[in-house]
Amino acid sequence: MQVVLEAVGYAYGDLPVLDGISFTVAEGETAALIGPSGCGKSTLLNLVGGLLPQQSGSIRTHGSPPAGCLNPLTFVFQDFALLPWRTVAGNVALALEHHRLSRSERDGRIGEVLRLCGLSDFAQALPRQLSGGMRQRVGIARAIAVRPAVMLMDEPLSALDAQTRELLMEDLVAIWSRERTTTLYVTHNLGEAVRLADHVVVLSRRPGRVKRIVAIPVPVAERHKPEHAAALQQLHDELWALIRAEAQVADREMQDA
Amino acid sequence: MPETKLPAGTGVAFRGGGFVPGNRRWAPWLAFVLIIAAWEAASDTGLLPALFMPAPHEVALALYALLESGQLFVHIGASLQRILGGWVIGSLAGLVVGFAMGIFVLARSVGLPVVAALFPIPKIALLPLFILWFGIGEPSKIATIALGVFFPTVVSAYSAVDNVPRNLIRMAQSFGLSTRMIVFKVILPGAMPGILAGFRISSSIALILVVAAEMIGADTGIGSFVLAAGNLMQTDQLVAGVVLLSLIGLLVSWLLSRVEKTLLRWR
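Taken in order, these protein sequences are the chains called A and B.
Heads up: the first sequence at position 153 corresponds to 156 in my numbering, and the numbers run straight through without jumps.
Heads up: the second sequence at position 61 corresponds to 618 in my numbering, and the numbers run straight through without jumps.
Misleading hints may appear alongside valid ones.
[Unchecked claim] To give an idea of the chain B side of the interface with chain A (calculated C-beta under 7 Å), a few residues: (1) 724; (2) 725; (3) 727; (4) 728; (5) 731; (6) 732; (7) 733; (8) 738; (9) 740; (10) 741; (11) 746.
[As the list claims (entries may be wrong)] Computed spacing ranges between beta-carbons, pair by pair: (12) 162/A with 591/B: 49 to 57 Å; (13) 585/B with 87/A: 25 to 33 Å; (14) 103/A with 624/B: 56 to 64 Å; (15) 26/A with 677/B: 55 to 63 Å; (16) 135/A with 582/B: 31 to 39 Å; (17) 574/B with 134/A: 26 to 34 Å; (18) 597/B with 124/A: 55 to 63 Å; (19) 162/A with 761/B: 38 to 46 Å; (20) 738/B with 14/A: 30 to 38 Å; (21) 104/A with 719/B: 42 to 50 Å; (22) 579/B with 124/A: 26 to 34 Å.
[As the list claims (entries may be wrong)] Short, incomplete list of chain B residues facing chain A, as computed with Cβ under 10 Å: (23) 623; (24) 627; (25) 729; (26) 730; (27) 747; (28) 822.
It should be emphasised that the hints constitute simulated quantities derived from the structure, not laboratory data.
For every residue, glycine included, the Cβ atom is placed at its ideal position computed from N, Cα and C.
The whole structure should be built from the sequences, with the hints applied where relevant.
Here it is in structure tokens:
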């Protein structure tokens, strides 16, 4: 499914946080959303996912969801948002329980996504028994269990250590290449954006406006190869140059506030 | 800057001991035995006059006599019936109102000031009113207990619901769960620790109120038994009644611990 944003704006009371946001995420593509703190990245994601009411502009999806899709717009959260009283399998099941699925289909989906995310041996574990990386794997497993058309990822790796982040990025690349899911990926980590996205949408500081859309021309599956390192580093530097000054001002504003 | 110099080859001394939470299972039993032994010794030596404080063995004999006469079960049964009736009614009503206040903005806006105004009223002060409304029989006592249990349950249920992490509710919404499903699959289990903590408080309040209500207008029940014993200066009977109340309190606490262990295994 394609996601098209046209002149999207949003304000919390008198405080405008987004202004005239327009861009398109093509089917099967990953768009990373970066910008200084407080520029409205998460707000935009919540608008796209229907967790905030739209105020101005329009957000539309085009195309058909994939076969077996139960929840076209599906979130993966920064803080994992797992129910601590449910096991790993139970947390994945939560996303399926209110749909008319046969017991065997539901169990089949749960088993499949746990296997894909390397969680089969932890199906009966409780979230508190898992590391941060494993918890986010549960969050990802829960998201892909509903076979989403669009994945909305709100800084999904920011609570994890660097090594776990690397491992999960490899997992995400593998999942996207298999499922061809359209993804909107909010991050403040330029390395993640350059590694995972087809396009990086750079937002200005509040009220967030699209400052530039930067394409990453190297295929996602090949970005780990050394021959692309220099090109990717150049893109990283380019992105940093775009947001550095604004990030400094935003940081000062937040301290003053 | 002052400098700390260590001679070459100095060993590292351990200094991280203590301040560790732990449990000594034998300690409370030993404490009970020591307290009762000291009490008995004080009674035997005349330090505690029998008129004001009976010896532990006299209390035990009084309890045995109660057991033999069958009066023990009459009084305990009457009190437990009132506690259970009042507690169940008050808790159910409190949970419904507390959940409504935790979930719906309008219910919260109306409920918070009403609860704040009515919660501090000592409920036993309303017993005469309830006797006027419901008569001197069981309903007035049960209503007093129910009202006493209702308010702390409302407060604990409301704050327990309010403390369910919002991110879990947003997550459930993002997967398309209905409001009813969010209440039963996310909010209720998430609020359970707070609700059970509230039950501990409300069960203690129920115990206090049943004794007070039985002292005002009842022929049976531990409260009336304690009052009658006090009027007749039968301190052994009086303390036996107090021991029974303590045992009921311990029993309720044990039952709640079992429920917590079952429902909150995930913690």
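Here's how the hints hold up against the structure:
Evaluation of the residue 724/B hint against chain A yields a held restraint, the C-beta minimum of about 5 Å falling below 7 Å. Contact between residue 725/B and chain A, as hinted, is supported at the beta carbon level, the nearest pair being about 6 Å apart and thus within 7 Å. Checking residue 727/B against chain A by beta carbon gives a least distance of about 6 Å; that is within 7 Å, so the hint holds. Interface hint at residue 728/B: satisfied, since its Cβ lies 4 Å from the closest Cβ of chain A, which is below the 7 Å cut-off.
Interface restraint check: residue 731/B against chain A, minimum CB-CB distance 4 Å, threshold 7 Å, status holds. Given the 7 Å rule on beta carbons, the hint for residue 732/B holds: about 5 Å separates it from the nearest Cβ of chain A. For the restraint placing residue 733/B at the interface with chain A, the shortest Cβ-Cβ distance is roughly 6 Å, inside the 7 Å limit, so the hint holds. The restraint placing residue 738/B at the interface with chain A holds, with a minimum CB-CB distance near 6 Å, inside the 7 Å limit.
Hint status for residue 740/B: violated, given a least beta-carbon distance of 13 Å to chain A, over 7 Å. At about 11 Å, the closest approach between the beta carbon of residue 741/B and any beta carbon in chain A exceeds 7 Å, and the interface hint on this residue is violated. A hinted interface residue such as residue 746/B counts as satisfied when its beta carbon comes closer than 7 Å to some beta carbon of chain A; here the least separation is about 5 Å, so the hint holds. Our hint of 49 to 57 Å for residue 162/A and residue 591/B holds, since their Cβ atoms are close to 51 Å apart.
For residue 585/B and residue 87/A, the Cβ-Cβ distance of about 31 Å falls inside the hinted range of 25 to 33 Å, so the restraint holds. In this structure, residue 103/A and residue 624/B meet the distance hint of 56 to 64 Å, their C-beta atoms being roughly 60 Å apart. Look at residue 26/A against residue 677/B: about 57 Å separates their beta carbons, and that is inside 55 to 63 Å. Between residue 135/A and residue 582/B the C-beta distance comes to about 35 Å, which sits within the given range of 31 to 39 Å.
Distance hint for residue 574/B and residue 134/A: a CB-CB separation of about 29 Å, consistent with the stated range 26 to 34 Å. Judged by the Cβ atoms, the range 55 to 63 Å given for residue 597/B and residue 124/A holds: they are separated by roughly 59 Å. Checking the proposed 38 to 46 Å range against residue 162/A and residue 761/B shows it holds: the Cβ atoms sit about 40 Å from each other. Evaluation of the 30 to 38 Å hint for residue 738/B and residue 14/A yields a pass: the beta carbon distance comes to about 32 Å.
Judged by the Cβ atoms, the range 42 to 50 Å given for residue 104/A and residue 719/B is violated: they are separated by roughly 33 Å. Take residue 579/B and residue 124/A: their Cβ atoms lie about 33 Å apart, and the range 26 to 34 Å holds. About 44 Å separates the beta-carbon of residue 623/B from the nearest beta-carbon of chain A, more than 10 Å, and the hint is not met. Because the beta carbon of residue 627/B sits about 45 Å from the nearest beta carbon in chain A, more than 10 Å, this interface hint is broken.
At about 7 Å, the closest approach between the beta carbon of residue 729/B and any beta carbon in chain A falls short of 10 Å, and the interface hint on this residue holds. Residue-level restraint check for residue 730/B holds (minimum Cβ-Cβ distance to chain A is 7 Å; threshold 10 Å). At about 8 Å, the closest approach between the beta carbon of residue 747/B and any beta carbon in chain A falls short of 10 Å, and the interface hint on this residue holds. Among the interface hints, the one on residue 822/B holds; its C-beta lies about 8 Å from the nearest C-beta in chain A, closer than the 10 Å criterion.
Hints 9, 10, 21, 23, 24 from the list above are not met by this structure, while the remaining hints are.
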